[in-house]
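S.K.: Residue numbers (the working numbering), protein chains in the order written: chain A, 8 to 119; chain B, 7 to 124.
Don't read these hints as lab results, they were simulated from the structure. As the structure is a computational prediction, the values presented were derived from the model and not from experiment. Yeah, the Cβ is synthetic: ideal placement off N, Cα and C, and Gly gets one too. Heads up, some of the hints might be wrong.
Within a straight-line C-alpha distance of at most 30 Å, the following computed BS3-like cross-link-like pairs (lysine-lysine) qualify [as the list claims (entries may be wrong)]:
| no. | chain 1 | residue 1 | chain 2 | residue 2 |
| --- | --- | --- | --- | --- |
| 1 | A | 33 | B | 47 |
| 2 | B | 70 | B | 47 |
| 3 | B | 26 | A | 111 |
| 4 | A | 63 | A | 77 |
| 5 | A | 33 | B | 61 |
| 6 | A | 77 | B | 61 |
| 7 | B | 47 | B | 26 |
| 8 | A | 111 | A | 77 |
| 9 | B | 61 | A | 76 |
| 10 | B | 61 | B | 20 |
| 11 | A | 63 | B | 47 |
| 12 | A | 76 | A | 63 |
| 13 | A | 76 | B | 70 |
| 14 | A | 33 | A | 76 |
| 15 | B | 70 | B | 20 |
| 16 | B | 72 | A | 111 |
| 17 | B | 72 | A | 76 |
| 18 | A | 111 | A | 33 |
| 19 | A | 76 | A | 111 |
| 20 | B | 70 | A | 33 |
| 21 | B | 26 | B | 70 |
| 22 | B | 61 | A | 111 |
To spell it out: a stretch of chain B is covered by chain A in this simulated footprint if at least three of its residues, at any positions, have a beta carbon under 8 Å from a beta carbon of chain A; those stretches are [as the list claims (entries may be wrong)]:
| no. | region |
| --- | --- |
| 23 | 50-61 |
| 24 | 113-123 |
One side of the interface only, derived from the structure: several residues of chain A facing chain B at Cβ under 10 Å [to be verified]:
| no. | residue |
| --- | --- |
| 25 | 13 |
| 26 | 34 |
| 27 | 38 |
| 28 | 42 |
| 29 | 47 |
| 30 | 97 |
| 31 | 105 |
| 32 | 106 |
| 33 | 107 |
| 34 | 108 |
| 35 | 109 |
| 36 | 110 |
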Amino acid sequence: SQQGEEDPQALSIQEGENATMNCSYKTSINNLQWYRQNSGRGLVHLILIRSNEREKHSGRLRVTLDTSKKSSSLLITASRAADTASYFCATGLNQAGTALIFGKGTTLSVSS
Amino acid sequence: GAVVSQHPSWVICKSGTSVKIECRSLDFQATTMFWYRQFPKQSLMLMATSNEGSKATYEQGVEKDKFLINHASLTLSTLTVTSAHPEDSSFYICSARDQLAGGYNEQFFGPGTRLTVL
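Chain B with its partners taken away, still in its complex shape:
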């Protein structure tokens, strides 16, 4: 149980194009999903918190117009990198919180999506 998938697992695109990454909770409902970004040899940095049916909350320094997040259902959140540039090349990881979880912060992580912008 508690499986989170991401699609695609990797993507290569040209500079200026937009890329959509999907994050799905396969066997549980997730009212909250989180998006992280990881540059090579660095740690995971939280980008935004995605709540089902409402606007995402972005961390300081993350451009909401560049990283569009949609959480239209309890099992799917999408991250769209708009007008991608080479500096957006990174490993994007989502996580989902089981809405039936207890008080502590148990999150289930997807396998990540490697984005390379040429």
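Here chain A stands alone, though its shape is the one from the complex:
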């Protein structure tokens, strides 16, 4: 099963620009996480935001969570070519021990 939708599906920007990706989900959650995946590689955990948090920062990443709208956004500031990857949101449900459910992902391409 798939929890959420990301938009846009694909995003192309120039180095130095900001990239914003959005994620919507359907059920109540305990937390929401963002992952990066370079082509053909494994997942890299970026950031986790809990359901009682509204915003979180980590370096050039800023994540917001709006539980009333069941949505989250990931902002990458001052993007670099190395940020080129697919980005997925994943939701953790309130039931402990259950799997993360992934959204469809956004493919980000940053050109220099």
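Here the structure of chain A is known, so what remains is to put chain B in place on it, guided by the hints.
M.R.: Then chain B, alone, in the frame of chain A:
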């Protein structure tokens, strides 16, 4: 800490053969492990939840007789793709949950196994 390994990292096999993929938690004990499948340019789809010492729970549409899961120890889960066919070619990713983790769902992901069935 919290490292999960998978073996092999890639495998090519002939149609009709069986392939076993191992998922190990290297520095923590995992009572629960999860198996995901990812087709090219798509997201990760949960296949099954593997609990140590009990039968796996499969997601709807995943054939339990085709994808055999064994979680015999707190650090190892295996996924066996039986009688593999080209449509089983995919990227298989496991994750493990630290049994000492808090209430939220922190999972640690393996690097994935790319299966190509000829």
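S.K.: The structure should be examined with respect to each hint, and the outcome stated for every one.
M.R.: Evaluation of the provided hints:
In summary, the hint linking residue 33 (chain A) to residue 47 (chain B) is supported, as the alpha carbons are separated by about 23 Å, within the 30 Å threshold. For the suggested pair residue 70 (chain B) and residue 47 (chain B), the alpha carbons sit about 25 Å apart, so the restraint of at most 30 Å is met. A hinted pair counts as satisfied when its Cα atoms are at most 30 Å apart, and residue 26 (chain B) with residue 111 (chain A) qualifies at roughly 27 Å. Proximity of residue 63 (chain A) to residue 77 (chain A) is assessed by CA-CA distance (about 16 Å); at most 30 Å being required, the pair is judged to hold.
Pair hint residue 33 (chain A) plus residue 61 (chain B) holds up; C-alpha atoms about 28 Å apart against a cutoff of 30 Å. Distance hint between residue 77 (chain A) and residue 61 (chain B) is unfulfilled; the C-alpha atoms sit about 33 Å from each other, more than 30 Å. As the CA atoms of residue 47 (chain B) and residue 26 (chain B) are separated by approximately 24 Å, the hinted pair is consistent with the 30 Å bound. A distance of roughly 16 Å separates the Cα atoms of residue 111 (chain A) and residue 77 (chain A); the hinted pair therefore holds under the 30 Å criterion.
A C-alpha spacing of about 37 Å is found between residue 61 (chain B) and residue 76 (chain A), which places the hinted pair above 30 Å, so the restraint is violated. At roughly 28 Å between alpha-carbon atoms, residue 61 (chain B) and residue 20 (chain B) fall within 30 Å of each other, so this suggested pair holds. As the CA atoms of residue 63 (chain A) and residue 47 (chain B) are separated by approximately 28 Å, the hinted pair is consistent with the 30 Å bound. Annotation: proposed proximity of residue 76 (chain A) to residue 63 (chain A) holds, straight-line Cα distance about 17 Å (limit 30 Å).
The hinted pair formed by residue 76 (chain A) and residue 70 (chain B) fails the criterion: a straight-line CA distance of about 36 Å is larger than 30 Å. Annotation: proposed proximity of residue 33 (chain A) to residue 76 (chain A) holds, straight-line Cα distance about 10 Å (limit 30 Å). Distance hint between residue 70 (chain B) and residue 20 (chain B) is fulfilled; the C-alpha atoms sit about 21 Å from each other, no more than 30 Å. Annotation: proposed proximity of residue 72 (chain B) to residue 111 (chain A) holds, straight-line Cα distance about 25 Å (limit 30 Å).
Proposed proximity of residue 72 (chain B) and residue 76 (chain A) is contradicted: the alpha carbons are some 39 Å apart, above 30 Å. Pair hint residue 111 (chain A) plus residue 33 (chain A) holds up; C-alpha atoms about 13 Å apart against a cutoff of 30 Å. Restraint check: the Cα-Cα separation between residue 76 (chain A) and residue 111 (chain A) comes to about 18 Å, which is no more than 30 Å; the hinted pair holds. Our distance criterion of 30 Å between C-alpha atoms is met by residue 70 (chain B) and residue 33 (chain A), whose separation comes to about 27 Å.
Taking the CA atoms of residue 26 (chain B) and residue 70 (chain B), the gap is near 14 Å; set against the 30 Å cutoff, the hint holds. Of the supplied pair hints, the one linking residue 61 (chain B) and residue 111 (chain A) holds, its CA atoms being roughly 29 Å apart against a limit of 30 Å. Coverage of the region 50-61 of chain B by chain A holds in this model, with 4 residues showing a Cβ closer than 8 Å to a Cβ of that chain against a need of three. Only residues whose beta carbon comes within less than 8 Å of a beta carbon in chain A count, and the region 113-123 of chain B has 6; three or more means the coverage holds.
About 9 Å separates the beta-carbon of residue 13 (chain A) from the nearest beta-carbon of chain B, less than 10 Å, and the hint is met. Violation of the interface hint for residue 34 (chain A) is found here, the shortest Cβ-Cβ separation to chain B being roughly 13 Å, above the 10 Å cut-off. The closest approach between the C-beta of residue 38 (chain A) and any C-beta of chain B is roughly 5 Å, which is under the 10 Å cut-off, so the hint is satisfied. For the restraint placing residue 42 (chain A) at the interface with chain B, the shortest Cβ-Cβ distance is roughly 8 Å, inside the 10 Å limit, so the hint holds.
Contact between residue 47 (chain A) and chain B, as hinted, is supported at the beta carbon level, the nearest pair being about 7 Å apart and thus within 10 Å. Here the hint on residue 97 (chain A) is kept, as its CB sits about 8 Å from the closest CB of chain B, short of 10 Å. Given the 10 Å rule on beta carbons, the hint for residue 105 (chain A) holds: about 6 Å separates it from the nearest Cβ of chain B. Contact between residue 106 (chain A) and chain B, as hinted, is supported at the beta carbon level, the nearest pair being about 4 Å apart and thus within 10 Å.
The beta carbon of residue 107 (chain A) is positioned within 10 Å of a beta carbon in chain B (closest approach about 6 Å), and the interface hint is therefore held. With a least beta-carbon distance of about 7 Å to chain B, the hint placing residue 108 (chain A) at the interface is held under the 10 Å criterion. Because the closest C-beta pair between residue 109 (chain A) and chain B is about 4 Å apart, less than 10 Å, the hint holds. The criterion of a C-beta within 10 Å of any C-beta in chain B is met by residue 110 (chain A), whose closest approach is roughly 6 Å, and the hint holds.
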